[in-house]
Structure formats: C-alpha cells, structure tokens
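Novice: As a plain string of letters, each chain reads:
Number of protein chains: 2
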Amino acid sequence: MPVIVQKFGGTSVADTTRILRCARRALEAKQSGNDVIVVVSAMGHTTDELIDLAKQITDAPNPREMDMLMATGEQVSIALMAIALNSLGNNAVSMTGPQMGMLTNEIHTKARIQSINVDRIRKELSAGRIVVAAGFQGVTDDGQITTLGRGGSDTTAVAIAAALLTLGGGAGSVTCEIYTDVDGVYTADPRIVPNARKLARISYEEMLELANQGAAVMHNRAVLFGQKYDVPIHVRSSTKADLGTIVCKETSEMEDIVVAGCALKRDLGRISLRRIPNNPGVQGMVFDCIAKANIIVDDIIQTQHGDLASLSFTVDHNDLADVKIAAGKALDEIGTGELAVEIGLAKVSVAGVGMRTHSGVAAAMFRALGDAGINIANITTSDIKISCIVPKQDGERALKVVHDAFQLDKPQGNWANSPKAVETKPDTRKAVRST
Amino acid sequence: MPVIVQKFGGTSVADTTRILRCARRALEAKQSGNDVIVVVSAMGHTTDELIDLAKQITDAPNPREMDMLMATGEQVSIALMAIALNSLGNNAVSMTGPQMGMLTNEIHTKARIQSINVDRIRKELSAGRIVVAAGFQGVTDDGQITTLGRGGSDTTAVAIAAALLTLGGGAGSVTCEIYTDVDGVYTADPRIVPNARKLARISYEEMLELANQGAAVMHNRAVLFGQKYDVPIHVRSSTKADLGTIVCKETSEMEDIVVAGCALKRDLGRISLRRIPNNPGVQGMVFDCIAKANIIVDDIIQTQHGDLASLSFTVDHNDLADVKIAAGKALDEIGTGELAVEIGLAKVSVAGVGMRTHSGVAAAMFRALGDAGINIANITTSDIKISCIVPKQDGERALKVVHDAFQLDKPQGNWANSPKAVETKPDTRKAVRST
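Keeping their order, the protein sequence lines are chains A and B.
So the number in the numbering used here is just where the residue sits in the first sequence, counting from 1, plus 31.
So the number in the numbering used here is just where the residue sits in the second sequence, counting from 1, plus 31.
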C-alpha cells in the first residue's frame, strides 16, 4: 500500500477545531487507499510559551531539561490528533520520539537524527491504524529525550518517509506532504514581493540554497534528508486543497531555469576578529571554538593586511550573544587582536541549477542592485547561488529589484532565453562559479 | 546516606516562583546531608486544562491517548524543577515515568504500579544529583505511557521510597514527605469543623479509612504503599516550616485513641438493582460488570424480600454515567429487575484503631446524629471505622456533631477515658466489629 507522511505545523494544529480539520485530511488520504503517518508540531505558540516559563527561572536553563520541557509540546499535539482520529472512526495511535525509536545524537536542543526504527510504525500501519508521530523530538541511545531544533518537525516527517523508503524492502511509494500556512514555494516571499509566483517544482539544491538564504518555507535539514534518500516533498496549504510545490530531484528541464527563486535573510550580525596574526591553523582554531558552541555560521570572509588578517563571519542576530563569548575565547587563545560586532545587515540571494550552465547571472544581479542605488557589502557564491550582503534597511527593496531583474513573475526559463544570458558549455562549472 | 523523597503537589508548583521555593526546600534537605528525590505533580490546573482540550474534541477520548496527553503535565513540572535546581547550583536530573522504570499494568488512566527499577535513580543520587521524578505516570512493559489516576503523584512518591527501602540492600533510612496546601492531617476537615485539631501521628489504617471516607489529604493508594513497605509518610505544608502529621505503623499508644478523626464524603450516588432473583452467583456477575468498567464502588448493601433481592451500592457522582451503563449490562444478563439511581447523598465516618479494644463507639455516634435530628440512611462498619450515609444537605452538620460527640478538639484519648466508653478485652475483635 502507498504510504503518505503528512506533516502539520504549529499554526495548522493551533486549536482543537484545526486539529479536527487536519484529522479529516489524514482520514481522506487513508480512505483513498494509503497508509498514513501524521507528524505534528506543538500547538500554536506552545514551544515559545514553554521556553518563556524556563526563562522565568533562569536565563541559561539546562539544555537537557529544556528538551524534557519542549518535548511536551508535540506530545500534547499527538495525543489530541490521535483522539480526533479515533473520534472520527479510524483507529489511530500516537508515538513520541522515544516510542518510534527516533535515535539522535546527544546535542540537546539541536540534536541530529541518527536512525529510526520503523518496525513499530510498520506494525501499527499493518493493523490499519493511522500513526501520529511527534515531530521535533528524539531520544539518545541511553534514553535521554532530545529535540531537533526549530523546524525539526519537517525533518521528522522527511526522515520517517526516508526510513520507510530505504528500509522498506520494496514497500512501494512513499510521499511526504508538508502542510503549512503558505501554499507552496514562491519565487520570492509574496509578503515582500507581491508579484512572486508559485513554483510547481523546485530541486532539492535550489530549495536548500533558498532555505539557507532565508526562505522560511521549510527547514533545510528536512530538504537534505529528502535529497539524500530521494523523497519527493510536497509543500502545500493546510487550508486549501490546491497542489503546492514538489521539492524533488533535479530534472533536465530545470537546467534551463537559471534563477528559480530569490530570498532575503534579515537580522544578520557580523563578527570580526581584526588584526590577528595570519598563521596556519588560526582559522581552524577560531571555528572550532564557534562549532563547540553549536552556532551555525553564515558566510565567512577573510582579508589580509601584511602579516595580519581580519576574519569576519555573519550569524543570525539570535546567536550573537553566544558567538561573542565563543569568539572572545578564540581571541584569548590567539593572545592578540580585536573583536568587533556589527548588526543591521541583510542578505539577498538568487538560486537556480541553471547557473551551472549559464553565465552572466552575477553581473545582472550586481547591475540591478547598483541601478537601484543599493550598496553591496559582501558577495558570496556557490555553483547555484549568488548572495549579496546589503544594509538591513535596503533588504526588502533589494529582493524586489532582483526579482524584477530576473523576470521571476514570468513562467520559468524566460530570463535564460533573454539576450542578457549567455549559455556556457555544460562542463564549465568552474568558469561559472567565478561569475 | 539517608534518603528523603519530597513530593510537591500541583498547588505547590503552580508557577515558577513556587517551583523555585520548592527547589530551595529540596536543596536544604540535600545540604543537610540527605540524598533527595523530588516528585512533582502537574502545575496548578494543568491536568484539568488538558482534559478539557480532549473533551473539546470528543466526550469519550481514547484512554491510551488521554494518558499520552495527561503525562505531559508532570513532564513540564519535572523539567522546570530540574532547571530551577540546576540554576540554584545543585546538579539535578529529571526523569519521566518511563525513564525511571515505573512499570504499571495496562489499565489506562487508572494504572497500577507493578515495579520500579530504582537502579537509574540510585546512579544519579550516587553522582550527587537531585532526582526530579514525574509523579502520576508510568509505562507498561511494552512501552505505553500510563497514568495512575487522581492522586497518583502521592503514590509515585511513596512507591519510590518503598522501592528504595526494600530493594535498597541496606541503604539506610528513607523518609517520604508529602508537601501539600494543608499542614497536616486533622481530626476533621478544618474548613468544615473550625475546632478540628492537627494530629501529630496517625496510623496507616486510620489514614486509609479516613481517605476512603472522604478525607482528601492523601490518596489511599499512597498510604497502602506506605503500610505495605512500612514507609513513614510525613504530610506537611509546602509554605510553612512546621512539622505536619506522620502517617506510620500503629503504636501501642494509638490503641488508647478510640476515634482518631472523622471525615465527610460528599456527592455520592446510589445505584440499586431491584427485584432481581437472589441466585448464587448473581452478585459476583454484577460486580464483575462494574469492575470491568474500572469503577470504584463505595459501600454495598443487599436486602432480601422472598426470592427477590435488592442490591445497592454507592459510587462517586462522577462515576454515575459509567456505572449506569455497567449496571444496565448486568441487568440485561440477569434478564429481569429494575435499575434505580439516587443522587444527593453524603457519608460521615469516624475511624480509630482503638475501636478494636473499646465498645460503645457506634452507639455514641448514632445517638449524636439522632439528637441532631439527622436521619441515617445506611450504616457500614469495619473493625476501625463506622460510617453513616446521610442526606447530602445534612453532611457538614453531621461531621460537626460527630466531631463534638467524640471531643476530637481535645488532646487524643480523652473520649476513650470518659465514662461513655467501655474498654473491652484486647482480643475480642469480632465483638467490637459488631458494634
């Protein structure tokens, strides 16, 4: 029997009326002849409320206990969802992260999935039950409750789908549907760019770049799981029946699309370690300190002046307090240098797998920003994206300017066929990277 | 090292300020040289709020899922308590029912403890940590989360103390402190009887009878655990430093106290199966039906008229809906008879281990109620208690009258030495039972 994993986010299960609506949606999928697994997040703002309770006690709550605390949010949701499904007449059984064998490493509040024992899930599905799985949470192999960090429920859903696919032993098709308060992936955030267009399909890589660059539709870890195990992810609306956007493996048609979408990342801060000796190993030591604090670093830039170097990197504003401590430790170890913190930055990015085979994208982007009088502080690129750091106050305007420049409101592929784009040979990836 | 198990109820941990206050209390015990285990209930009205959410979905939520839902209440409390203790500088670790191996049977929402694996608790105590254990919850041997029913957190606390004592292998002393919003066990509920007196000590048996008869200070299952494993239970105030009441093994001085206390049980209903054939096995079948519905029956009375019998029993008002269904099934099986339901009853009881060796108690109680013009509907007795069913509207007055009649406001033992009491020979328990 085909398996559908349906994930409902916090807004979709914010009250019991909405939980019943999601339950009906799961029931429809079941009645259409699928095995159904429902993954749910905590109701509404529950996670924030729980964090707030802990912060009333101390600014630095114990991370193991934070996981113990936060895991209750999803547990309430799975219980209510299973109660709703049972009341609608279909047997359903809820499972916590520990119960479904969602094994993670031991990094509390930001744990990573290591394996899933899907036997229990399969057994319940075989008995005709709908399985209601707690998103966001897992368990270490010595029984400690962990959580996966923000957006973890998406990861749970895709990981379950992946585990059923790879460990399935010929289980047939497995689909993963992420129900959310937006109805798909757009060429840009429609709240900022009104003429943004919904994409029917987007590749994992483009989705990853856009998520990394601030498009908040899905968590990138979830997309990575999808990419690794080739699970198509259908991002769609929890209130409308319309199809959304399928995140899937790159296809040949996608290569003609130079820019699939653009994104804005706000509230960035930049940490600079200035006037440090540029000895071999300095950078490794600095980022060891940062990694030990479990901080995700955005872009890294180094410049050199004589024997001294200046090492900068951007991080989310929320991580600034932690990163200052970690960077301070690094400077102590170096024994010299200065620490500088800048806030008020934003980053606008474009991504598309067609960049690998088309040049001129970077030039077009810089020109558009320049024409609009927006100053570019830093530039970083990968083979399928280009990012520009701009002042925070210019962020939204920069996104609109870029969206227009690549005609993203028009059916995909237009810009690639315009005279501005230059098609390069398929195997000149290095050349393209240097655009 | 001596072990203290401290249990804090829902009112004591209703907000983060109170959680910190309880945490300081636990820390004091730790700093005085004890190993400390803190057992907590859900914060304030959390359990009721969770039940309310489920009832918004359906009137008959699935019991397994109700346990999944309700268990989150205690999980929030243990996490916050452990966060508080850690923030005050003592290592603490929280444990859910499953984590501490609190094994129960499979009767969801009313599960019974079967065993506790205290190895994990001991390990954490040895490491100098305060263990924060979730009350009210357990796990079946196939990993289903269960709850113990109302008052379950008391049971958890005493069961942990009992397990540490019996499985301790010479662990030394284990004390169990139940912190509550009253400061001990009184001769009667002081909200009803203003001159009620706090008892320094009370025997398990007396406490059990008083709890069974409506004294809501502690859950009787907790007292039973205490009695079975001889764990002294100190019932005391969570806000005052005063000693409370020690519930312990009967001592010889207690035998001089004919009536230790009295209690009122309100909101009773009576179910009667009338005009049923009084064949052998009828009663067994009826109470099989009731037991299958997991309803706790209060008193049972049967009267006979010719070949027909009338079988009545009292239950809590809350169980009336369930019990009507179960009794209806029993009548269907019998094939004849009538079902009658009465509401609006109350029960006043006196209890004391001295009744075993003193007579005249029943007569004094009936006389006092009679003098006050209160009609007695039913009488039931055990060797250490006498109960009278009275109209609900006379309940509080009946309690006061009985409290006065036995001079319970005076130091214990007074009434036994009054001319009204007649001491009987120590081994005439049968005779005393028939008072």
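Treat the hints with care, as some may be off.
Copies of the same chain look alike in the list, so a pair counts if it works inside one copy or between any two.
[As the list claims (entries may be wrong)] Below, computed lysine-lysine pairings styled on BS3-like, alpha-carbon distance capped at 30 Å:
| no. | residue 1 | residue 2 |
| --- | --- | --- |
| 1 | 154 | 323 |
| 2 | 271 | 423 |
| 3 | 154 | 86 |
| 4 | 154 | 423 |
| 5 | 86 | 61 |
In short, the hints are calculated from the structure, not lab data.
Novice: Look at each hint and say if it fits the structure.
Specialist: Here is how each hint holds up against the structure:
1. With identical chains, the CA atoms of residue 154 and residue 323 are at most 30 Å apart between copies only, with a shortest distance of 28 Å across copies and 40 Å within one.
2. In this assembly of identical chains, residue 271 and residue 423 lie within 30 Å of each other by CA distance neither inside one copy nor across copies; the values are 34 Å within and 55 Å between.
3. For the homomeric pair residue 154 and residue 86, the shortest alpha-carbon distance between copies (29 Å) is at most 30 Å, but the shortest distance inside one copy (41 Å) is not.
4. For a Cα distance limit of 30 Å, the shortest separation of residue 154 from residue 423 qualifies neither inside one copy, at 51 Å, nor across copies, at 52 Å.
5. Taking identical chains as interchangeable, the C-alpha atoms of residue 86 and residue 61 lie at most 30 Å apart only when they sit on different chains, with a minimum of 25 Å there against 42 Å within one chain.
Comparing the model with each earlier hint shows violations of hints 2, 4; every other hint is respected.
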